[in-house]
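Could you build the full structure based on these sequences and the hints that come with them?
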Amino acid sequence: MQHRIVVLGAGYTGATAAGRLAKRLRREDVTITLVNPEPDFVERVRMHQLATGQDLEPRPFAEMFAGTGVELKVASVTAVDVDRRTVSVTGADGPAELAYDTLVYALGSGWNDGGVPGAAEHADEVASRPGARRLRDRLAALEAGRPVVVVGGGLTGLEAATEIAEARPDLAVSLTARGALGDWLSAKGRAHLRKVTDRLGVEVHENAAVTAVTADGVETADGRTVPAAVTVWTTGFAVHPVARATALETTEHGRIVVDATMRSVSHPDVYAVGDAAIATGPQGKPLRMSCASGVPMAWQAADAIAARLAGAKVPHVSIRYFQQCVSLGRSEGLIQFVTADDRAVDRTLTGRTAALYKELICKGAAWGVANPTLRLPSRRRRVVRQGVQDLAPEGVSA
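Sequence positions in the sequence shown follow my numbering and run 64 to 461.
FYI, nobody ran anything at the bench for these hints, they're computed from the structure.
All values reported here derive from a predicted model rather than from experimental measurement.
Note that the Cβ used here is the ideal one computed from N, Cα and C, for glycine as well.
Treat the hints loosely; a few may be bogus.
Below 20 Å or equal to it, Euclidean Cα-Cα: the simulated DMTMM-like pairs (lysine to aspartate or glutamate) are [said to hold, decoys possible]:
(1) LYS251 <-> ASP233
(2) LYS426 <-> ASP118
(3) LYS258 <-> GLU269
(4) LYS426 <-> GLU126
(5) LYS258 <-> ASP246
(6) LYS251 <-> ASP261
(7) LYS136 <-> GLU184
(8) LYS348 <-> GLU315
(9) LYS136 <-> ASP118
(10) LYS376 <-> ASP409
(11) LYS136 <-> GLU160
(12) LYS348 <-> ASP404
(13) LYS251 <-> ASP409
(14) LYS348 <-> ASP332
(15) LYS136 <-> GLU126
(16) LYS426 <-> GLU160
(17) LYS258 <-> ASP409
(18) LYS426 <-> GLU120
(19) LYS136 <-> ASP176
(20) LYS86 <-> GLU126
Distance ranges between label pairs, derived from CB positions [as the list claims (entries may be wrong)]:
(21) ARG257 <-> ARG443: 51 to 57 Å
(22) ARG415 <-> PRO290: 29 to 35 Å
(23) ARG393 <-> TRP430: 17 to 23 Å
And the structure:
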């Protein structure tokens, strides 16, 4: 009887986990089903490029997983029953139910309006491909001189604002940040960021927490009104709501609590990776929502599942940070080097070299999804344990 592994979500983490499991386990011993609402891989880190009308390389899963044994189920997840070990999905053929022995939950996150009045009704987002496409169409319809405001001074906001300003220099682009511009960066990083935004003509509103969004602008806590024909919301992410509706132990924000091997602390036949999980990194700090965190989490989960099913020692992946990569349009970038626990150090890479560096990182991330073991030799193991739910989780990491 084959061990049934179901992976929910085919972003960077889910697709990596599914492909890596296929490389680690013998095909006759397992079935690996990857559930995703779209038939191709979406490079989420490039959504700001899509929003400005750039063409992205298609990456169909049929080609990516050809010959691996990974079966793609094009459907949306509607519910998970962790007691019955089933997943409810809806696809082109209507509703269906998938049974699993091991579940990898990688549904990720989407944009978060933070409950700000008017944001859901009037703002656009770049956290998803449908959102980026809608924003692309709205930007394309704008006449010269019209104002665009990007709300949020984090990585996504910076990339969106500079990309739009570079692609459409005829628009009046502004950025509102809750704190100072790039306040988490080093002094060198902040100085370069200021230089680029000034050169691109991006008007920056610092210490400007947005309290309301209207059809023609945003209002801030200190009484400012920033006009906008289009408002782009990038203030944070919210995880998919399915996990919170289950019996899984989650945080108040719906992230699944996992141990050091990405295994649920409440249900040992469930693993969670990427934005959907809360795990601890260096110095006991929670890993931030990012591709840099999610991919090593996927490696860890896949290797732990394979080892447990094979009755082998469970390996542990060291998850740490090296840099934060920011594209500032197509010809400029900022690489902020950081400590293992993600604190900025006084070392940066800027300019065209940084833009090329970031492009290599993006291409490498997509290549890594198609090559989940990084083309290193991999031995497929036999499954000797049909179930892993009888094994207690190995320590709590969050």
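Pair hint LYS348 and ASP332, alpha-carbon separation not exceeding 20 Å: Not OK: LYS348 and ASP332 at ~25 Å, beyond 20 Å, violated.
Holds or violated: LYS86 to GLU126, with C-alpha atoms at most 20 Å apart: holds, 16 Å
Holds or violated: LYS251 to ASP233, with C-alpha atoms at most 20 Å apart: Roughly 29 Å between the alpha carbons, so the hint for LYS251 and ASP233 is violated.
Restraint status (C-alpha distance of LYS136 to ASP176 at most 20 Å): The given pair, whose Cα atoms are some 30 Å apart, is violated under the 20 Å limit.
Straight-line alpha-carbon gap LYS136 to ASP118, limit 20 Å: Roughly 26 Å separates the two Cα atoms, so the pair is violated.
Hint consistency between LYS426 and ASP118 [alpha-carbon to alpha-carbon, up to 20 Å]: Satisfied, since the Cα-Cα distance of roughly 15 Å is no more than 20 Å.
Hinted pair LYS348 and ASP404, Cα distance within 20 Å: holds, 7 Å
Pair hint LYS136 and GLU126, alpha-carbon separation not exceeding 20 Å: holds, 15 Å
Pair hint LYS376 and ASP409, alpha-carbon separation not exceeding 20 Å: violated, 40 Å
Straight-line alpha-carbon gap LYS136 to GLU184, limit 20 Å: Given pair LYS136, GLU184 is violated - Cα atoms ~32 Å apart, limit 20 Å.
Distance restraint between LYS258 and ASP246, which requires alpha-carbon spacing of 20 Å or less: Roughly 15 Å between the alpha carbons, so the hint for LYS258 and ASP246 holds.
Distance restraint between LYS426 and GLU120, which requires alpha-carbon spacing of 20 Å or less: Cα-Cα ~10 Å, so holds.
Checked against the numbered hints above, the structure breaks hints 1, 7, 9, 10, 14, 16, 19 and satisfies the rest.
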